[in-house]
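Chains as they are written, first to last, in full-length UniProt numbering: chain A, 1 to 433; chain B, 1 to 292.
It should be emphasised that the hints constitute simulated quantities derived from the structure, not laboratory data. It is possible that some hints are incorrect.
[To be verified] DSBU-like, lysine-lysine: derived pairs with alpha carbons at most 30 Å apart:
(1) A/Lys159 x B/Lys179
(2) A/Lys30 x B/Lys179
(3) B/Lys179 x A/Lys246
(4) B/Lys150 x A/Lys428
(5) A/Lys311 x B/Lys179
(6) B/Lys133 x A/Lys246
(7) A/Lys428 x B/Lys117
(8) A/Lys427 x B/Lys117
(9) B/Lys184 x A/Lys191
(10) A/Lys311 x B/Lys133
As the structure is a computational prediction, the values presented were derived from the model and not from experiment.
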Amino acid sequence: MTDLTQTKLTQQQVRERIEQRLASRHRKEKLFRGLGIASIAFGVLAVLILFTDIIGKGSGAFVQTAIELRVHYDEQVLGIDKVDDESLAWANFTGVIRQALQQRFPQATSRGDKRELNSLISTGAPFTLRDRLKANPELLGQTETVWLTADDDVDTFVKSLSDSAEGFRGRTSDQKAGWIEQLMDSGELKKRFNTTFFTNGDSREPEQAGIRAALMGSLFTLLVTLALSFPIGVAAAIYLEEYAPKNRWTDLIEVNINNLAAVPSIVFGLLGLAIFINFFELPRSAPLVGGLVLTLMTLPTIIISSRAALKAVPPSIREAAMGMGASRMQVVFHHVLPLAMPGMLTGAIIGMAQALGETAPLLMIGMVAFIVDVPGGITDPSTVLPVQIFLWADSPERAFVERTSAAIMVLLSFLILMNTSAVLLRKKLERRW
Amino acid sequence: MNTMTLDATGQAEPVQPKPLEKEAVDTKTKVRETVGKPFCDSAKLRMRNVNVFYGEAQAIHDVSLDIGRNEVVAMIGPSGCGKSTFLRCLNRMNDTIEGCRVEGELALDDEPIYGPKVDVVPLRARVGMVFQKPNPFPKSIYENVAYGPKIHGIASRRAELDEIVENSLRRAGLWNEVKDRLDKPGTGLSGGQQQRLCIARAIAVSPEVILMDEPCSALDPIATARIEELIDELRENYTIAIVTHSMQQAARVSQRTAYFHLGHLVEVNDTETVFTNPQHELTEAYITGRFG
Chain A
1 MTDLTQTKLT
11 QQQVRERIEQ
21 RLASRHRKEK
31 LFRGLGIASI
41 AFGVLAVLIL
51 FTDIIGKGSG
61 AFVQTAIELR
71 VHYDEQVLGI
81 DKVDDESLAW
91 ANFTGVIRQA
101 LQQRFPQATS
111 RGDKRELNSL
121 ISTGAPFTLR
131 DRLKANPELL
141 GQTETVWLTA
151 DDDVDTFVKS
161 LSDSAEGFRG
171 RTSDQKAGWI
181 EQLMDSGELK
191 KRFNTTFFTN
201 GDSREPEQAG
211 IRAALMGSLF
221 TLLVTLALSF
231 PIGVAAAIYL
241 EEYAPKNRWT
251 DLIEVNINNL
261 AAVPSIVFGL
271 LGLAIFINFF
281 ELPRSAPLVG
291 GLVLTLMTLP
301 TIIISSRAAL
311 KAVPPSIREA
321 AMGMGASRMQ
331 VVFHHVLPLA
341 MPGMLTGAII
351 GMAQALGETA
361 PLLMIGMVAF
371 IVDVPGGITD
381 PSTVLPVQIF
391 LWADSPERAF
401 VERTSAAIMV
411 LLSFLILMNT
421 SAVLLRKKLE
431 RRW
Chain B
1 MNTMTLDATG
11 QAEPVQPKPL
21 EKEAVDTKTK
31 VRETVGKPFC
41 DSAKLRMRNV
51 NVFYGEAQAI
61 HDVSLDIGRN
71 EVVAMIGPSG
81 CGKSTFLRCL
91 NRMNDTIEGC
101 RVEGELALDD
111 EPIYGPKVDV
121 VPLRARVGMV
131 FQKPNPFPKS
141 IYENVAYGPK
151 IHGIASRRAE
161 LDEIVENSLR
171 RAGLWNEVKD
181 RLDKPGTGLS
191 GGQQQRLCIA
201 RAIAVSPEVI
211 LMDEPCSALD
221 PIATARIEEL
231 IDELRENYTI
241 AIVTHSMQQA
251 ARVSQRTAYF
261 HLGHLVEVND
271 TETVFTNPQH
281 ELTEAYITGR
291 FG
C-alpha cells in the first residue's frame, strides 16, 4: 500500500491517478450490469420457450370434436319398453348410435366399412344418450338431433387439419377421412369446449379422460398437508426460536432440519411406504398417506421460513412486551406472531406449491393408480395432478399429448396462483415498525 | 499515540484515556468502596453486593445501592460502565440475555427480586420500564396503553379501561395531542410522542418503580424537556431510576446521582453534591469532561 505522505504526491497527481482508474471502474460496472441483464434475459427466454411450447401443444385439449346425429330412441333396438334405472342399465344405446350412423352414411354396407363407421363416435357416447333419456323419458320412441363426442382419432385428425392440408391420419383410413370431410362440409361436425376434461376422471379413451379426479386428489392431499404441516411447523419454529436454550442439542436439531430440507423427496416416499402403509396399515393410494408424506417433506421448509420470520421481528417489541409483564406466551402470541405471520404464511404457501408439484414420493405410496372415479374423501384411492401428467405422458394415443400439456397448464396456473398470492399476501400484511 | 494500557497478562484493557496532567487512575485499587451515601432509610429498592456476569466477563462488580421512595436516582458514567446492565437487573430484563448471571441480594420492599420462587410477571408489573428507543407496539394508541391493564386483568369493564387509558395518557402529558386519534397506530406518532406513549403504557399498570434507560437519547431538546418535566411530576407517585448520558439531565431531574465506572459504583451522593463537590477523583474527572 502506498503511503501518501511518504511518496509526497501532489494533489494534482492524486487526481490524475483517480482519473486513470475511473475508466476501468466504469467499464467493470457496465460489464457487471450487462451480465446481470443477460442472465435475466436467459431466464425469461427459457420460461417463454417453455410456456409457448406447452400452450401450443396443450391449448387444443380445451376443445373437442363433436358430431351431429339424428338419433331415434327405438324401443326395439334399445330393447326396453319403459324408462327406469334397471332397464336403462340394460338398454343398447350403442345400437341406436350405429343405426343413426348407418342412416347418415347408407353407402357403408360391408362389415369392415360398418366397423370403420362406428368408430367415428366415442365409446362414451352411449352414456350421453342414456343420461338424456333418463332426464327426458318421453323421448323414448322419438327422434332427436344430438351432438355426440367424436372418437379421439377423429379429434386428432380434425385438429391436425389446421396444421397441414393432409392432416394426421394415423389409424384413420381414406374412407373414414372422406366421411369426416363430408361431415365438416355439411356442418355436422364442430369443435366445442371440452367440458369432459374438467368433469371426468382418467380414462383409456383420450376423449373421455379428464383431470377432475387428479385435481380432487391434489386438493385432498394438500388439505391434509396444510392441516398438519402448518401448525406443526409453526409450533416447532416458535419453540426453537423463542423457548429452546441455545446449546449443542438445539444446534444438532437445527442442522438436521436444514438437512431434511435437502433430502430427495423419493426418500420420504419410501419412508411413507414403510411406516404409514406397512406399519400403520393405512390405505394405499389415499390422499391421507400422500398428505402425511408431503407433510414430512414440507415441514423443513415451513420451519425454516417461520424461524426466519420470527427472527425478523425486532427485539424492541419483545422487550416492550416483556417490560410490561407479559408472560413468554403472551409476548409470542400478542406481539411476535402477528408480526411474523406474513412471513410464515408466505413460507407455507411456497411449501404447499412445492407439495402440489411433487411426484416422486407419491409414486412410492401407490398414488400412481389409474383412477376413474373422482375421490370423495381423504381415504379414497386417488392420484394427483403431476402423477396424472406422468401417466398421460406415457400413454401411446396421440390425443394424450395435448391432454398432457393441458394438464401441465392447469398445474402451472395453480402454481402461479399460489405464488402470486404469497407475494400479494406478504405485501398486504407487511407492517412497518 | 498509545492510549491502550496493557496489564500483566498482556490483555488489552478497554480504551481509557489518561486524565491529562494527572496520574493514570488505577480503578482496580481505587474503586474498592463506594464513596458517598449509597444507602437510605426508606429504601424502595435495596441492592447489596450485586455482581453481574455475561458468560465469563464480569459487567458489574460488587455494587450496593438503595433507591428510596419517591426519589429519582440518576445513574451516570461513561459508555459500557454497566449502568444499563444494573438497571435491567431491577426488573430482571437480563433474564432473556443468554449467559447472563446475576449474584447478590436485590429486594423490592424487602421481597427478593431474584430467587426460585419469584414470578417475573407480577414483578414487572410493579417495576415498569421505559427504553432508550421509543418502542410502542405496532397497534393503536389505545391498545398500547390498554395492553398492560388487559394482560394483568386490572380492568374488567370497557369503561374502566377507558378511564385508565385516559388517566395514563393525561399523566404522560399526551392526552390532548392524541385524544382524537386513539385508534390510530402508535408508531405513527413523532419520536417524543412515542416515548411519552411508552411512559403512559408503563404507568397504566400503576407500577411502584419506573426504570428509564436513557429515555431521551433519541429525542430532540424540546421533546426532552417535556419528558424531564414529566419525570418531575411522576416523582410524586413513583420511584424512578434513570440512566442518562446527559449530566445536565441528571442534574435537572434527580435527587441523588450514582456514578458508575467500569462496572464499579464509584460514588453516590445528593445530586447537588456530585456536581458541585465530587468526592472521588474519577467522578470529578468525568463530570468535568476529562473523559467519557
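Hints violated by the structure (numbers, ascending): As far as the earlier hints go, 1, 2, 3, 5, 7, 8 and 9 are violated by this structure, in ascending order.
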